[in-house]
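Single-letter residue listing:
There are 2 protein chains.
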Amino acid sequence: MANSKPDQPHKITKREFLEAFAVVGGVSGVISALNGWDMGIASAAEAPPNLMGNPNGTKVLILGAGLAGMTSAYELGLRGYNCQIIEARAFAGGRCQSSRAGFKTTTVDGETRTCDFDEGQYFNHGPWRLPSFHHAVFHYIRKFGVPMEAMIQENDLGYLQFDKAGGPLAGRRVRKREIKADMRGYTSELLAKLTDQGALDEQLTNRDREKLTDYLIREGFLDANDLSYKGTIHRGQSEFNPMGTSIASKAIALKEILQSGLGNTFQGVTTIDHPATMFQPVGGMDQIARGFERAVGDAITFNAEVQELRQDENGVSITYRNNVTGEVSVQKADYCITTLPLGILSKLQTDLSDRCKEAMDAPRKMTVGKLSLQMNRRFWEEDDQIYGGSSTRGIPGHTVIYPSYGFCGKKGIVQSAYTFGRAAVVHGELSMAQKIKQAVNRSEPIHPGQFRKHYDGKAFSIDWHLTRYSEAGWSAWSPADRQKHMSILREPQGRVYFAGDHVSGLPGWQVGAIESAWAQIEKLHARSMKG
Amino acid sequence: MANSKPDQPHKITKREFLEAFAVVGGVSGVISALNGWDMGIASAAEAPPNLMGNPNGTKVLILGAGLAGMTSAYELGLRGYNCQIIEARAFAGGRCQSSRAGFKTTTVDGETRTCDFDEGQYFNHGPWRLPSFHHAVFHYIRKFGVPMEAMIQENDLGYLQFDKAGGPLAGRRVRKREIKADMRGYTSELLAKLTDQGALDEQLTNRDREKLTDYLIREGFLDANDLSYKGTIHRGQSEFNPMGTSIASKAIALKEILQSGLGNTFQGVTTIDHPATMFQPVGGMDQIARGFERAVGDAITFNAEVQELRQDENGVSITYRNNVTGEVSVQKADYCITTLPLGILSKLQTDLSDRCKEAMDAPRKMTVGKLSLQMNRRFWEEDDQIYGGSSTRGIPGHTVIYPSYGFCGKKGIVQSAYTFGRAAVVHGELSMAQKIKQAVNRSEPIHPGQFRKHYDGKAFSIDWHLTRYSEAGWSAWSPADRQKHMSILREPQGRVYFAGDHVSGLPGWQVGAIESAWAQIEKLHARSMKG
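Order-wise, the sequence lines are chains P and A.
The opening residue of the first sequence carries number 1 in the working numbering; numbering runs sequentially from there.
The opening residue of the second sequence carries number 1 in the working numbering; numbering runs sequentially from there.
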């Protein structure tokens with residue numbers, strides 16, 4: 001039996017794996033699962049490299065004013081390098097963006113969408129949550145004084161409503177805590193009773209069995225007299241007695257939860273990359289970009305599309321075109337750090353080697369999409385006491401993620417789609433009206449009578465793989481391709497260095513961008529000092 | 001075996017029970033445990049009563065400008081009552097206070113302490129966290145536009161360091177997630193293997209056993225091939241491989257965790273009254289009081305100590321003394337709502353009946369103390385990646401609670417004692433210097449080399465049972481006393497109505513104060529309308 005688990009990653013294809021997780025685990029499951037595919041978890045470096053010596057104004061051209069580019073410019077600038085950043089967009093930050101009134105995004109087809117959310121409402125449509133151990137990001141948050149607040153990743157009050165659930169729970173809306181508490185209760189009961197009946201007599205001493213039973217009683221809220229689980233107030237209350245105390249709602253039968261599969265949406269401890277609480281800048285993730293920009297903004301040339309990257313033994317030469325005026329310019333420097341998405345760089349006129357181009361083309365361009373809707377009443381807070389966290393129906397690409405800011409305010413932005421892989425491709429092909437309709441239809445059963453009613457006609461959507469100057473959510477490396485190609489990209493090609501989350505152990509995370517910059521500027525500086 | 005659990009509430013005295021929880025469960029355990037003693041959990045009312053009719057300026061004197069008093073004044077004032085509030089303190093809010101630079105508190109002995117924290121630093125030394133379903137509080141938060149943010153109650157990155165733990169874990173510092181993940185892993189393994197060996201063949205169908213095993217594999221991070229728990233990256237990483245991916249730290253042996261008792265600090269779902277995430281006003285809990293004060297501040301007479309409460313068939317008469325000038329005044333009104341702590345009211349000159357006085361004297365005056373220290377570096381964030389939540393050593397009255405605001409700032413306020421019952425009495429008898437010394441000594445092992453070093457000489461402490469005009473943390477009712485006396489206090493005594501958390505199902509919570517006011521003004525209004 002143990003050899004035939006259908007949802008074990010090493011038994012199935014990556015796509016099946018991701019989709020399975022999307023169904024049972026929601027957003028968090030998908031991302032955690034990605035880490036199983038060698039995307040890395042933790043940041044290894046805690047501080048920028050300590051660069052000694054005087055570079056005497058050595059000039060470095062940096063392609064891209066995302067976090068990797070701005071980190072490079074900031075740290076090298078501190079040491080006396082002359083850094084210039086060439087950025088195709090009209091703003092700094094790369095994918096570190098937040099959509100709010102007036103924010104514009106342009107697709108690869110040249111269609112520009114402008115966000116029309118109300119004043120004070122925003123949505124982090126790029127990176128949106130930071131685990132506390134992403135040292136490199138917190139390093140700059142502290143340095144630039146970016147105000148931070150908690151981002152509620154897991155909220156036990158969120159709903160599960162799975163039409164695909166087996167048995168009587170199909171289509172029934174339950175709070176996450178109901179399933180969590182009941183499964184803990186029943187499994188504790190089963191193990192406590194088997195222990196009591198002697199099943200572990202050979203494995204554990206008397207004393208250890210007693211301690212195990214104590215633990216199970218407490219962890220599972222068991223009745224200490226008969227070791228059975230009879231529900232717990234902590235799964236939710238159903239009514240109040242006249243004294244104001246409350247009566248626990250009724251536990252769902254073990255058989256029913258097992259049949260439903262809803263228990264599989266939980267793990268015994270929240271995953272390290274997605275702990276129950278994560279963090280976000282007050283006012284939007286783009287405040288991190290603004291922090292960097294305050295420090296290095298003067299060095300950025302905006303609206304500058306790189307067209308050619310050339311080098312010889314004396315230096316590099318970058319040709320770029322102003323995407324407003326059409327004017328073409330050339331800049332020369334001693335070195336270049338490119339943070340351009342690999343898929344974009346690979347298409348430019350460069351004299352990078354074929355081996356290098358093969359490496360740039362190796363990772364999958366991750367298809368990722370998001371949609372969020374402005375609601376004219378925070379019914380999830382007012383009616384359901386849900387502040388942050390998410391609800392899920394187990395539909396790949398669908399999600400309901402509640403805002404972790406502006407609690408108790410009037411309006412709020414609810415994320416209503418988060419798509420990856422094939423689902424993102426399909427989603428990206430829908431019109432805005434179709435996306436909204438689909439999201440509302442899918443979300444309505446979680447908040448019946450509320451979701452459709454309170455959508456007030458303002459929505460924002462991004463498809464990163466269709467976004468100009470990104471063309472991917474991030475670079476997804478298979479373990480084999482990472483082994484084969486990453487070392488090429490982590491070493492300079494002549495005078496050209498590669499930085500960006502795509503060459504880090506943590507693609508798709510801001511920490512990866514910063515760490516890659518730290519690694520590359522250390523190499524560049526060592527060489528520059530040698531002369 | 002199951003009949004001899006030592007830490008089951010119904011087997012031991014209340015004091016033993018609370019102390020046991022303090023050791024194993026920390027702060028959250030204590031408070032959850034209190035609820036087991038009939039202190040109530042959930043709020044029953046979602047909105048204030050709808051009072052119809054015109055009271056034609058009926059005058060109501062309200063004793064106490066805490067949340068119950070201000071709620072009464074606000075709601076009755078909206079309906080045309082003439083409300084005046086008599087408040088002994090120089091500020092409104094009752095126990096809804098935050099200590100910050102300049103804040104003063106006075107003991108029953110007349111000693112006044114002034115808080116000297118740095119600008120921007122504060123500590124919620126009274127109520128400090130709101131669960132999302134405390135409807136009545138959120139009702140006014142919305143009404144008065146009080147900005148809210150998340151308060152991190154549970155943080156798996158917090159430390160356990162128990163000298164009293166049995167076996168090899170005694171004195172060893174571990175992250176909460178290590179114990180949590182390992183215990184889930186091992187218990188899942190035990191049950192999965194017993195299931196595989198046929199132990200549940202009679203209880204569950206083949207299909208249900210398979211589904212149970214699926215659940216256990218996922219919940220406990222088991223190896224699907226042999227159903228064993230081999231640790232998980234989610235309990236923490238120990239090192240990084242060259243590709244930037246991380247290696248899980250080593251699981252602790254089941255025997256060692258059982259011996260230590262540390263597993264007993266967790267439950268399968270966070271308790272309903274203390275979910276993983278709770279909420280707090282931005283800038284301090286007293287912002288709720290300020291919200292009320294903006295609405296009813298004009299009706300408050302400050303520095304007014306009630307001395308006498310008299311009534312006859314026509315009205316009430318309150319004598320009070322200005323505690324600055326000594327001037328004595330008398331006010332008359334049609335009705336009185338008293339929200340004074342029962343222990344204080346009971347000592348005043350009143351014509352309340354002996355039966356009523358017996359009821360007022362029945363609840364225990366909860367002894368509660370807190371101490372917090374200002375640190376000149378947020379080492380728990382910078383070095384340990386702990387943002388909010390708590391660490392514990394299992395010492396009753398001791399705790400380390402990290403601030404859930406000002407993340408990534410330079411300084412921070414760390415709560416270092418939270419005492420109840422006997423421990424609070426002892427703590428209250430210490431001098432400030434002794435309290436600080438004890439807290440630093442007790443906390444140092446959690447952050448060796450940091451806690452003492454970074455304490456920058458500014459501390460604030462409160463002992464609610466020794467605080468003038470409070471004289472208790474709250475009124476703690478035994479189930480028997482609640483049954484016997486509460487109905488007396490929930491009905492008017494002549495023209496005098498009792499409000500305050502002490503007559504609610506939720507003593508010690510702000511929601512109790514507001515709900516009690518809602519209940520009493522409804523009664524008062526019904527009677528007033530009858531004439």
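What the hints contain is simulated information worked out from the structure, not anything from laboratory work.
One should not assume that every hint holds.
Examples of chain A residues lying across from chain P (beta carbon under 8 Å, computed) [as the list claims (entries may be wrong)]:
| # | residue |
| --- | --- |
| 1 | Phe91 |
| 2 | Phe133 |
| 3 | Lys180 |
| 4 | Ser188 |
| 5 | Gly198 |
| 6 | Arg218 |
| 7 | Ala299 |
| 8 | Thr301 |
| 9 | Phe302 |
| 10 | Tyr387 |
To be clear about the criterion: a stretch of chain P counts as covered by chain A if any three or more of its residues have a C-beta under 8 Å from a C-beta of chain A, and this derived list gives those stretches [said to hold, decoys possible]:
| # | region |
| --- | --- |
| 11 | 51 to 58 |
| 12 | 154 to 161 |
| 13 | 207 to 219 |
| 14 | 228 to 235 |
Since this is a predicted model, take the numbers as computed values, not measurements.
For glycine and all other residues, C-beta sits at the position ideal for the given N, C-alpha and C.
Do the hints match the structure? See the list:
| no. | hint | in the structure |
| --- | --- | --- |
| 1 | Phe91 | violated, 24 Å |
| 2 | Phe133 | holds, 5 Å |
| 3 | Lys180 | holds, 5 Å |
| 4 | Ser188 | holds, 7 Å |
| 5 | Gly198 | violated, 10 Å |
| 6 | Arg218 | holds, 5 Å |
| 7 | Ala299 | violated, 25 Å |
| 8 | Thr301 | violated, 31 Å |
| 9 | Phe302 | violated, 29 Å |
| 10 | Tyr387 | holds, 5 Å |
| 11 | 51 to 58 | violated (count 0) |
| 12 | 154 to 161 | holds (count 4) |
| 13 | 207 to 219 | holds (count 12) |
| 14 | 228 to 235 | holds (count 4) |
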